[in-house]
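Starting from the given sequences, assemble the full structure and let the hints guide the process.
So you can see what is in the structure, the chains are spelled out below.
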Amino acid sequence: MSNVLKLCLIVIAGGVLAAVTIYSALPSRIVPVSLVATTDAQTALKIVGDHGGGTTKTFVLPPAPRDTPRLGLALRPATYLLKPSATITVVVGGRDRCTFGPRQYTDGSTVTCPVTRSGARSFRISVRGARGPLALIERQTTAGKTVAGIWVQVPRSSLEGRLRFVLTALSTTRPWLFSWPLAIFGFAFSTCASLWLVLTALVGDERPRPEAGSLEAESDTA
Amino acid sequence: VAPPFRIVLLVLFLASLARGLAFAVAIPAWQGPDEPAHYAYVERLATGGFPPFQSRDLVFSTAVNVSVQRTITSFREHRADRPLTPQAERILLKREPGGLSTAGNGTLGAQDYPPLYYATLLPAYWLGGNTATNRLYAIRAVNALYGALFVLAIALLVLEVTRHYRLSIATGMLASLPPMVTQASATCTPDIALALFATASCWALVRLRRAASRSDLALAAAALLATALTKPVGAFLAFILLVTVGWPWLLQTVRRMRPALRIALGAAVAVTLAFAGTRAVNFAAAARHGALPTIRFGLSYLWQYYLPRLGFMKPAFDRSLPRTLIEPVPVWSTWVKTGAGYFGWLSAALPTWTYVVAVAGTVGTVLAGIAGILRKPTSEVSRTALRALCGIAAFIFVLHVTEIVSLVNGTGLVLQGRYVLPIIPLFALAFSAPLVHFSERARAATLVASLASWGIVSLVGFSTLLSFYST
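Heads up: the protein sequence lines correspond to chains A and B, in order.
Residue 100 in my numbering sits at position 100 of the first sequence; the count goes up by one each step and never skips.
Whatever position you read off the second sequence (first residue = 1), add 1000 for my numbering.
Keep in mind that the hints were calculated from the coordinates and are not lab data.
Hints may be right or wrong, so weigh each one.
Pair ranges (Cβ atoms, derived) [to be verified]: (1) 156(A) to 1309(B): 49 to 55 Å; (2) 63(A) to 1122(B): 43 to 49 Å; (3) 1095(B) to 156(A): 24 to 30 Å; (4) 142(A) to 1129(B): 25 to 31 Å; (5) 39(A) to 1099(B): 27 to 33 Å; (6) 1095(B) to 185(A): 20 to 26 Å; (7) 126(A) to 1095(B): 37 to 43 Å; (8) 1129(B) to 137(A): 37 to 43 Å; (9) 63(A) to 1360(B): 28 to 34 Å; (10) 53(A) to 1099(B): 56 to 62 Å; (11) 141(A) to 1129(B): 49 to 55 Å; (12) 156(A) to 1048(B): 46 to 52 Å; (13) 1271(B) to 163(A): 37 to 43 Å; (14) 1010(B) to 142(A): 21 to 27 Å.
Chain A residues, not near chain B, derived (Cβ > 10 Å throughout) [stated by the list, open to error]: (15) 8; (16) 15; (17) 21; (18) 25; (19) 51; (20) 56; (21) 58; (22) 82; (23) 87; (24) 106; (25) 107; (26) 174; (27) 177; (28) 191; (29) 194.
Built from N, CA and C at the ideal position, the CB exists for glycine as well.
As structure tokens, then:
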């Protein structure tokens, strides 16, 4: 086998190993996350009383971050340890509408409504068919405002989206020189080079070469 | 070194360097063990301070505090919302301003460390940029360089002992694969520098044994001194290496000395080790408990470290510590888990099966190495291997003694597997070099098994880092 062919095979094998390793690290799904810095402080705002029923409320929203693709509004309904029973309808800015049935959320979980237009300044929530209390968990922003809905980004869950997610994370809070290309190409190179070294170490042509003055040679002569 | 082998060594160096840099990127800033403390030491030196002479009042500089806030604290605060989208992270984590004050005092855990390692990082600190994060990554790049040199030195050490090219390449590869070695190469901690200097010491001592030229003597002295000046435990390590690896030469040299010189030298070594001991552990506090109770506790500690506790024994380990660090007996969690791969302060552990694979690969190499020694027990390689084994036992005993004294004081930290990184050259001499006594086929089979197992662990290590810290 020619050296060029060997090298190609090693690069392919190393590349596949590196790709499989990186693929195994990709998140299976990416949940929407906050675009607003918040503190740990949170309070439950009861919008439906203990006897259940329905209600419609309107809440003011802080301005949405600009130039953020795949925007969404995240809400956290709370049912006070009871099984969810209400159907929740959220209308953001009068245009984007989402409906969440009782099977689509749990007590304290987050529901996300994709938003197509970022200019919304308020959202309306309608609750129907609740057999017990229902609250919205409000968060406090670092600016000190209490908000019932948080702007979030809905990441792509495709392979490309998940890969992009990891690669961008590798570049965040690092100096530009130490970003994802160095990590990925460094890892891929080391994998290919290691494969070549293993082959060299195991099936190379070199024979043991006891040389004059070596410990083994000294021992044998002794 | 034959020309074709030079290219192989170069590739080995570059592969290790690339892996170290990849890990340096994958591990977020300040996530290395005690990384803020070690970085602070460099910062103190760069700003004209000398931590061992500074007061114990710890004051991190504004530059470090802001960097830690921007990279660790914000990162950790958002872990409840994980996985965090990078776009969101960019919006939430504001850029760190440059030119912040680097004035501070003390270095926390590294206060009593000798200065050599930190002094070598000063150029990287100065050239690294104007933020603590940038400087930290520049320092990490130097550590990756140390890691690559360490792997190269391991290969040269085995070549020096066995004169077997392929075995030395395989051993160098093996030394480069444990994720803990790569993590040490990727973060601002002195472990990999100590491992490099220890390997250089072994190499120089082996050369001394063969032909004690002046250059080899100077090299050995410099390497041993560097080992002693890298960590508090470095002086003990240098002494152990000198006595075990350098034994025949040392014996001959001491015999040739005049009695007065011999006594003076012995006294100097004793004083140095006593001083290093006071830097490594707080003997004064332990002395209050008395020698006998400390020894009794130490024996109980050693038993409980490697074997399940017996009914009449008091628990030697603080059960409030995370279970992952002390269960089922500390030997597994310390030497195996934190020795193979256990990353950062947020404790990214490898999957359990990976540790089993790592243990299987290591046990296989150890058994093969012992078989190699038994095959030709009188050969120089085997005798070197046996001395290296004694060195391994002695160093682990020193680590245990420091731990026992700390535990008696009530301030003890659990040992970490990375503490054995500096004796990897002794492992190479004890278990890898004797493989030279095998036939080509048997040796290849052993090396395939070892390299495959640690290769898998290495790949899983990078995958674990990515999935833990980037998703």
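Hint by hint, here is what the structure shows:
At roughly 52 Å, the beta-carbon separation of residue 156(A) and residue 1309(B) lies within the given 49 to 55 Å, and the hint holds. Checking the proposed 43 to 49 Å range against residue 63(A) and residue 1122(B) shows it holds: the Cβ atoms sit about 47 Å from each other. Between residue 1095(B) and residue 156(A) the C-beta distance comes to about 25 Å, which sits within the given range of 24 to 30 Å. Between residue 142(A) and residue 1129(B) the Cβ separation comes to about 28 Å, which falls inside the hinted range of 25 to 31 Å.
Distance hint for residue 39(A) and residue 1099(B): a CB-CB separation of about 29 Å, consistent with the stated range 27 to 33 Å. In this structure the supplied range 20 to 26 Å holds for residue 1095(B) paired with residue 185(A), their Cβ-Cβ distance being about 25 Å. Remark: the range hint 37 to 43 Å for residue 126(A) to residue 1095(B) is upheld by a beta-carbon distance near 41 Å. A hinted range of 37 to 43 Å holds for the C-beta pair residue 1129(B) and residue 137(A), which are about 42 Å apart.
Take residue 63(A) and residue 1360(B): their Cβ atoms lie about 58 Å apart, and the range 28 to 34 Å is violated. Under the hint 56 to 62 Å, the C-beta atoms of residue 53(A) and residue 1099(B), about 60 Å apart, fit the expected range. Between residue 141(A) and residue 1129(B) the C-beta distance comes to about 32 Å, which lies outside the given range of 49 to 55 Å. Range check, residue 156(A) to residue 1048(B): about 51 Å between beta-carbon atoms, so the 46 to 52 Å window is met.
Remark: the range hint 37 to 43 Å for residue 1271(B) to residue 163(A) is contradicted by a beta-carbon distance near 59 Å. Take residue 1010(B) and residue 142(A): their Cβ atoms lie about 51 Å apart, and the range 21 to 27 Å is violated. Under the 10 Å C-beta cut-off, the non-interface status given to residue 8(A) relative to chain B holds; the minimum distance is some 16 Å. Chain B leaves residue 15(A) outside its interface by the beta-carbon criterion, the shortest separation being 13 Å against a cut-off of 10 Å.
With a cut of 10 Å on Cβ distances, residue 21(A) falls inside the contact zone with chain B, its closest approach being about 5 Å. Under the 10 Å C-beta cut-off, the non-interface status given to residue 25(A) relative to chain B is violated; the minimum distance is some 4 Å. For residue 51(A), the condition that its CB be more than 10 Å from all CB atoms of chain B holds, with the nearest at approximately 33 Å. With a minimum CB-CB distance of about 29 Å to chain B, residue 56(A) clears the 10 Å threshold, and the non-interface call stands.
No Cβ of chain B approaches the Cβ of residue 58(A) within 10 Å, the least distance being about 26 Å, so the stated non-interface status holds. Chain B leaves residue 82(A) outside its interface by the beta-carbon criterion, the shortest separation being 24 Å against a cut-off of 10 Å. With 10 Å as the threshold on Cβ separation, the claim that residue 87(A) sits away from chain B holds: the shortest Cβ distance comes to roughly 26 Å. Every Cβ of chain B is farther than 10 Å from the Cβ of residue 106(A); the closest lies at roughly 16 Å, confirming the non-interface assignment.
Non-interface status of residue 107(A) relative to chain B is upheld: no Cβ of that chain comes within 10 Å, the nearest being about 17 Å off. With 10 Å as the threshold on Cβ separation, the claim that residue 174(A) sits away from chain B is violated: the shortest Cβ distance comes to roughly 6 Å. With a least CB separation of 7 Å from chain B, residue 177(A) falls inside the 10 Å interface cut-off, contrary to its annotation. The claim that residue 191(A) is not at the interface with chain B is violated, since a C-beta of that chain comes within 10 Å of its own (minimum 7 Å).
Chain B draws residue 194(A) into its interface by the beta-carbon criterion, the shortest separation being 5 Å against a cut-off of 10 Å.
The structure is inconsistent with the numbered hints 9, 11, 13, 14, 17, 18, 26, 27, 28 and 29, although it conforms to all the rest.
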